[in-house]
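Asks: Chain residues, written in single-letter form:
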Amino acid sequence: SQQGEEDPQALSIQEGENATMNCSYKTSINNLQWYRQNSGRGLVHLILIRSNEREKHSGRLRVTLDTSKKSSSLLITASRAADTASYFCASGLIQGAQKLVFGQGTRLTINP
Amino acid sequence: EAGVAQSPRYKIIEKRQSVAFWCNPISGHATLYWYQQILGQGPKLLIQFQNNGVVDDSQLPKDRFSAERLKGVDSTLKIQPAKLEDSAVYLCASSSGGKERETQYFGPGTRLLVL
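Taken in order, these protein sequences are the chains called A and B. Note that the first sequence covers residues 2 to 113 in my numbering. Note that the second sequence covers residues 4 to 118 in my numbering.
Any given hint might turn out to be false.
Mimicking DSSO-like on lysine-lysine, the simulated pairs with C-alpha atoms at most 30 Å apart in a straight line are [what the hints assert, rightly or not]:
| no. | chain 1 | residue 1 | chain 2 | residue 2 |
| --- | --- | --- | --- | --- |
| 1 | B | K47 | A | K27 |
| 2 | A | K27 | A | K71 |
| 3 | B | K65 | B | K14 |
| 4 | B | K81 | A | K100 |
| 5 | A | K27 | B | K65 |
| 6 | B | K47 | B | K81 |
Between beta-carbon pairs, the in silico distance windows are [what the hints assert, rightly or not]:
| no. | chain 1 | residue 1 | chain 2 | residue 2 | range |
| --- | --- | --- | --- | --- | --- |
| 7 | B | L118 | A | R61 | 40 to 46 Å |
| 8 | B | A5 | A | G17 | 34 to 40 Å |
| 9 | A | L94 | B | Q44 | 17 to 23 Å |
| 10 | A | R61 | B | K81 | 37 to 43 Å |
| 11 | B | G43 | A | A83 | 20 to 26 Å |
| 12 | B | E71 | A | L76 | 38 to 44 Å |
| 13 | B | L87 | A | K27 | 27 to 33 Å |
| 14 | A | N31 | B | Q44 | 20 to 26 Å |
| 15 | A | I14 | B | R67 | 40 to 46 Å |
| 16 | A | T21 | B | Q44 | 18 to 24 Å |
| 17 | B | K18 | A | S25 | 33 to 39 Å |
Far from chain A, by Cβ distances over 12 Å, these chain B residues were calculated [to be verified]:
| no. | residue |
| --- | --- |
| 18 | K14 |
| 19 | Q20 |
| 20 | S21 |
| 21 | V22 |
| 22 | W25 |
| 23 | L73 |
Derived by calculation from the structure, the hints in this document are not laboratory data. By construction, the Cβ of each residue, glycine as well, lies at the ideal position given by its N, Cα and C atoms.
Using the sequences and the accompanying hints, generate a full structural model.
Replies: Laid out in structure tokens, this is it:
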């Protein structure tokens with residue numbers, strides 16, 4: 002399978018705590034993206050980090066990228082109940098148009 | 004701006020029957036994708052269109068799946084005949100060209116159950 006792996010598969014934390022999810026991918030990339038999927042819905046793009054970047058922030062999100070290890074992490078700070086969802090990393094390769102290969106996802110549950 | 008539209012939202016069929024899904028991408032988006040997402044897994048790309056031409060269909064089971072994007076706008080994905088293992092959510096996504104081509108916008112998906 003071309004799909005990457007995410008760790009952990011499931012994570013349950015208390016509201017206000019930080020959540021960290023890790024992702025490994027298999028091929029060379031142009032960028033690494035994170036998407037969120039609420040139950041029964043489509044995916045929503047969260048953040049993109051390019052292969053020449055090491056860290057990026059967007060609001061409560063912080064993503065890191067280590068191309069030598071083919072890995073990335075997503076940190077959500079000060080978690081909220083509304084952050085409960087599945088989070089997917091996707092390795093992006095641009096060959097004309099963008100092609101994404103998704104990981105298996107991390108199911109995050111924020112307990113009030 | 005309207006998002007990616009998909010229909011139907013849910014479909015239940017028996018094995019060996021046929022089914023079709025429809026997708027309307029965001030206006031002006033040249034690239035359209037169909038993904039299959041099996042329960043508990045990440046989406047897997049089935050086919051990618053650039054305007055009305057196929058860019059990548061390497062993971063499309065061509066003996067039973069077909070897709071078209073006439074006029075480079077709407078797209079349909081068909082399964083004929085369906086198998087039990089086709090039970091999944093079928094997601095359509097689109098992206099624009101230029102600097103914004105890296106981000107894909109997803110529709111709500113069609114949940115298919117094959118009995």
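Asks: Could you run down the list of hints and mark each one as holding or not?
Replies: Verification of the hints:
{"no.": "1", "hint": "B/K47 to A/K27", "result": "15 Å, holds"}
{"no.": "2", "hint": "A/K27 to A/K71", "result": "7 Å, holds"}
{"no.": "3", "hint": "B/K65 to B/K14", "result": "21 Å, holds"}
{"no.": "4", "hint": "B/K81 to A/K100", "result": "22 Å, holds"}
{"no.": "5", "hint": "A/K27 to B/K65", "result": "26 Å, holds"}
{"no.": "6", "hint": "B/K47 to B/K81", "result": "16 Å, holds"}
{"no.": "7", "hint": "B/L118 to A/R61: 40 to 46 Å", "result": "42 Å, holds"}
{"no.": "8", "hint": "B/A5 to A/G17: 34 to 40 Å", "result": "36 Å, holds"}
{"no.": "9", "hint": "A/L94 to B/Q44: 17 to 23 Å", "result": "20 Å, holds"}
{"no.": "10", "hint": "A/R61 to B/K81: 37 to 43 Å", "result": "42 Å, holds"}
{"no.": "11", "hint": "B/G43 to A/A83: 20 to 26 Å", "result": "23 Å, holds"}
{"no.": "12", "hint": "B/E71 to A/L76: 38 to 44 Å", "result": "42 Å, holds"}
{"no.": "13", "hint": "B/L87 to A/K27: 27 to 33 Å", "result": "29 Å, holds"}
{"no.": "14", "hint": "A/N31 to B/Q44: 20 to 26 Å", "result": "24 Å, holds"}
{"no.": "15", "hint": "A/I14 to B/R67: 40 to 46 Å", "result": "42 Å, holds"}
{"no.": "16", "hint": "A/T21 to B/Q44: 18 to 24 Å", "result": "22 Å, holds"}
{"no.": "17", "hint": "B/K18 to A/S25: 33 to 39 Å", "result": "36 Å, holds"}
{"no.": "18", "hint": "K14", "result": "14 Å, holds"}
{"no.": "19", "hint": "Q20", "result": "24 Å, holds"}
{"no.": "20", "hint": "S21", "result": "24 Å, holds"}
{"no.": "21", "hint": "V22", "result": "19 Å, holds"}
{"no.": "22", "hint": "W25", "result": "15 Å, holds"}
{"no.": "23", "hint": "L73", "result": "19 Å, holds"}
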